[in-house]
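The listed protein sequences derive, respectively, from chains A and B. Residue numbering for the first sequence follows this note's numbering, beginning at 1 and increasing consecutively. Residue numbering for the second sequence follows this note's numbering, beginning at 1001 and increasing consecutively.
These are computed hints drawn from the structure, not numbers from a lab. Nothing here was measured: the structure is a model prediction, and the numbers come from that model. Glycine included, C-beta positions come from ideal geometry on N, C-alpha and C. Don't take each hint at face value.
Stated by the list, open to error - For lysine to aspartate or glutamate, the following EDC-like pairs were computed, each having C-alpha atoms within a straight-line distance of at most 16 Å:
1) B:Lys1058 / B:Glu1034
2) B:Lys1222 / A:Glu20
3) B:Lys1222 / A:Glu25
4) A:Lys75 / B:Glu1194
5) A:Lys75 / B:Glu1196
6) A:Lys205 / A:Glu230
7) B:Lys1171 / A:Glu25
8) A:Lys90 / B:Glu1208
9) B:Lys1075 / B:Asp1131
10) A:Lys54 / A:Asp273
11) A:Lys237 / A:Glu183
12) B:Lys1189 / B:Asp1011
13) B:Lys1222 / A:Glu123
14) B:Lys1156 / B:Asp1219
15) B:Lys1189 / B:Glu1015
Stated by the list, open to error - For the chain B half of the interface with chain A, some residues (derived, Cβ under 10 Å), not all of them:
16) Ile1010
17) Gln1089
18) His1091
19) Asn1093
20) Lys1135
21) Lys1142
22) Asp1143
23) Glu1200
24) Arg1218
Letter by letter, the chains look like this.
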Amino acid sequence: MFGLIGHLTSLEHAQSVARELGYPEYADQGLDFWCSAPPQIVDNITVTSVTGQKIEGRYVESCFLPEMLATRRIKAATRKVINAMAHAQKHGIDITALGGFSSIIFENFNLQQIRQVRNVMLEFDRFTTGNTHTAYIICRQVEQASEQLGINLSEATVAVCGATGDIGSAVCRWLDARTDVAELLLIARNQERLQELQNELGRGKIVGLEEALPQADIIVWVASMPKGVEIDPTALKQPCLLVDGGYPKNLGTKVQHPGVTVLNGGIVEHSLDIDWRIMSIVNMDVPARQLFACFAESMLLEFEKWHTNFSWGRNRITIEKMEQIGSASVKHGFRPLLI
Amino acid sequence: MPQLEATPEIDFHSESYKDAYSRINAIVIEGEQEAHENYQRLADLLPTDKDQLFGLAKMESRHKKGFEACGRNLKVTPDLEFARQFFLQLHENFQVAAAQNKIVTCLLIQSLIIECFAISAYNIYIPVADDFARKITEGVVKDEYAHLNYGEEWLKANFDTSKAELEEANKQNLPIVWKMLNQVDADAKVLGMEREALVEDFMIQYGEALSNIGFTTRDIMKMSAYGLAAV
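Isolated chain A (complex conformation):
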C-alpha cells in the first residue's frame, strides 16, 4: 500500500474543504484549532497503471497549513509532519510520499532526529520525499518544452534557481550529463554549497539572480520559499521558458508576458485510472489528469514493490536513480506536463 501526506494551501482553503466534506467542527475554526488538529486518513485510493496493474493507497491529511510557517508556529508545523508520518506507519502503509511543504519541513528542521513518536518508532525507509521523480520530470520538461518553443539546448543558457537544493542539484547533474546544454548558471544563497556543486559538475557559472535572469533562455525555478520573489518579465529573454518547480507554485500568476512561457514544473500528466475523491477537492492547482511528481513517486515505488526511501536526505539523487524512476514512470503511464 502507498500513501500520500498532503496538506491544504491556506487556512481559507482548509475551511472551505472542511465545509465541503461536511465537517463543520473543522470548517469554522481558526489557525489555533488547526495547530492542534490531528492527522487523518481522508481517502482510500485505487490506481490502475496502463499495464493493468492495480494498487491501493491512502491519503493522509496532516492538517499542516502554510500560515504556520508564516506566523512562526514552527513547533506546530513540525508536529504535523511527524504525526502524519506516525499515522501513516501505524496504518501499515509501506511507502508514503511527503507532499507539499512536508518534505521541506522535514529537511529544514532536521526531523530525522525525532525517531520516537509516542509509542511508534518511525521507520524512515517507509517514506520518500519524491524528489527523484520530481527532478526527473523537471529535466524532461526542460528538454521537451524547449523543443516546443524552438529553443535549441545546445545553444541555450539554463539558469537553475535553488541549484544547491535536493531537486536543484539533481537537475544540474542531469542537464550536465544527459543534455548538451550550452551554459549552466547556478543560483543559490549559500556560497559554500554553490562552490561544492560547481566543483562536482566541473562547470557552471555562479551568479546572482539579477544578473542571471536576463541571460537565460530557460529558467528552472526550484527554490522553495513561503513568499514568492518578484521577477520582472520585461528583463527576460524572448522567448524564455520558465519552469516553476518550486513549492508553492506562484510564478505563473506573477510572470505574465508574451514571449515568456511559464510551465508548472514537477507535474506529471497521466492516463492512469485513479479513483479518488480527495484530489478533486484538495488539489486546486492541478486538474484531474495531472499530479505532483512527488506523489506519483510513491505510486511508482508501490507498483514496482521498491518499498524503500528512494528519495531521502539532501543531495543524494544520482542520474542512475533518476533514470530508474524515469523508466518506471514511463512504463506506468506518467508523462511530463508540457506546454
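Got chain A sorted already, so can you dock chain B onto it with the hints?
Structure of chain B alone, referenced to chain A:
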C-alpha cells in the same frame, strides 16, 4: 524559511516551577487515585472481568506512589484540594453513571477519556521532565496503554449496543476535558508543556481509540473535536 527557536532551559528548583508543579503533580496523583477507585467500581459492574480490573486498579495505585515520589524529589507539596476540585465534574459523572449501571459511560470516562488524557500528557511531559520524574513517567505511560486497551477491547466487542451511549457520553464529558485543560494551561506552560501539543496528542490518542472500537473517520473527527470550539 524561519528557524526553530531553542527551547529555554528549565530550572526545576525555581519557585515558579515548584509552584506550578504543586498543582500538576497533585492532578496526576489525584488522577491515579481516582483511576484506582474507578477500576474497582468497574469490577463491581463487570464481575466476569473482576480479576483483570482489580489488576488495573492496583497498577494505578502504584503509579500514584511513583508520582508522590516525584513531588518529594522536588520538595513540592502537592495541592490535593485543587486536584480534587479539578476532577470533580468528571468524578461526579462517573459516579452517577456507575449508580445507573451505565458501563459504557463509565468506560468512556475512565478507560478512554482519562487514559487518553493521561497518555498524551505523560508523552508531552517526558521530554521536559526532570531525570527522576522522566524515568517514573516512562514506566507509567507503558501501563496506561494497557488500560486504554482494556476499554477499547470491551467497547469493540460491544460496539453495536454501545455506539449511541458512547456518542452521548462523549458529548457530555469531552467539553469538561477541554475546560480542565484550560484550567492548567498556564501551569503546564511553566513545565514546558504546550497546550496545543497536548490537545493534538489527546485527539490523536482518543481518535485512535475510537477507531479501534469501530468508529469511522467521519465519526472520529466529529467526536474528538466536540466542544473544543466553545472553550
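ask   = Can the restraint linking A:Lys205 and A:Glu230 be considered satisfied, given a maximum Cα separation of 16 Å?
value = Distance ~22 Å between A:Lys205 and A:Glu230 Cα, so the pair is violated.
query = Are the Cα atoms of A:Lys75 and B:Glu1194 separated by 16 Å or less?
reply = 10 Å, holds
ask   = Within a Cα-Cα threshold of 16 Å, do A:Lys54 and A:Asp273 meet the stated pairing?
value = Distance ~9 Å between A:Lys54 and A:Asp273 Cα, so the pair holds.
key: Restraint status (C-alpha distance of A:Lys75 to B:Glu1196 at most 16 Å)   = 10 Å, holds
inquiry  = For a C-alpha distance cap of 16 Å, please report whether B:Lys1189 and B:Asp1011 respect it.
reply    = 13 Å, holds
inquiry  = For a C-alpha distance cap of 16 Å, please report whether A:Lys237 and A:Glu183 respect it.
reply    = 15 Å, holds
key: Satisfaction of the B:Glu1200 interface hint, Cβ to chain A closer than 10 Å   = Where the cut-off is 10 Å and the nearest Cβ of chain A is about 5 Å from B:Glu1200, the hint holds.
request  = With chain A as the partner, please determine if B:Asn1093 meets the hint condition of a C-beta pair closer than 10 Å.
outcome  = 22 Å, violated
ask   = Taking 10 Å as the limit, does the beta-carbon of B:Arg1218 come near enough to a beta-carbon in chain A?
value = 8 Å, holds
message = So, as I understand it, the hint says B:Asp1143 touches chain A; can you test that by seeing if any CB pair is closer than 10 Å?
response = Result: violated, 12 Å to nearest chain A Cβ.
Satisfaction of the B:Gln1089 interface hint, Cβ to chain A closer than 10 Å = 22 Å, violated
request  = Take the C-alpha atoms of B:Lys1058 and B:Glu1034, compute the straight-line distance between them, and say whether it is at most 16 Å.
outcome  = Since the Cα atoms of B:Lys1058 and B:Glu1034 sit roughly 12 Å apart, the hinted pair holds (cutoff 16 Å).
Comparing the model with each numbered hint stated earlier shows that hints 6, 13, 16, 17, 18, 19, 20, 22 do not hold.
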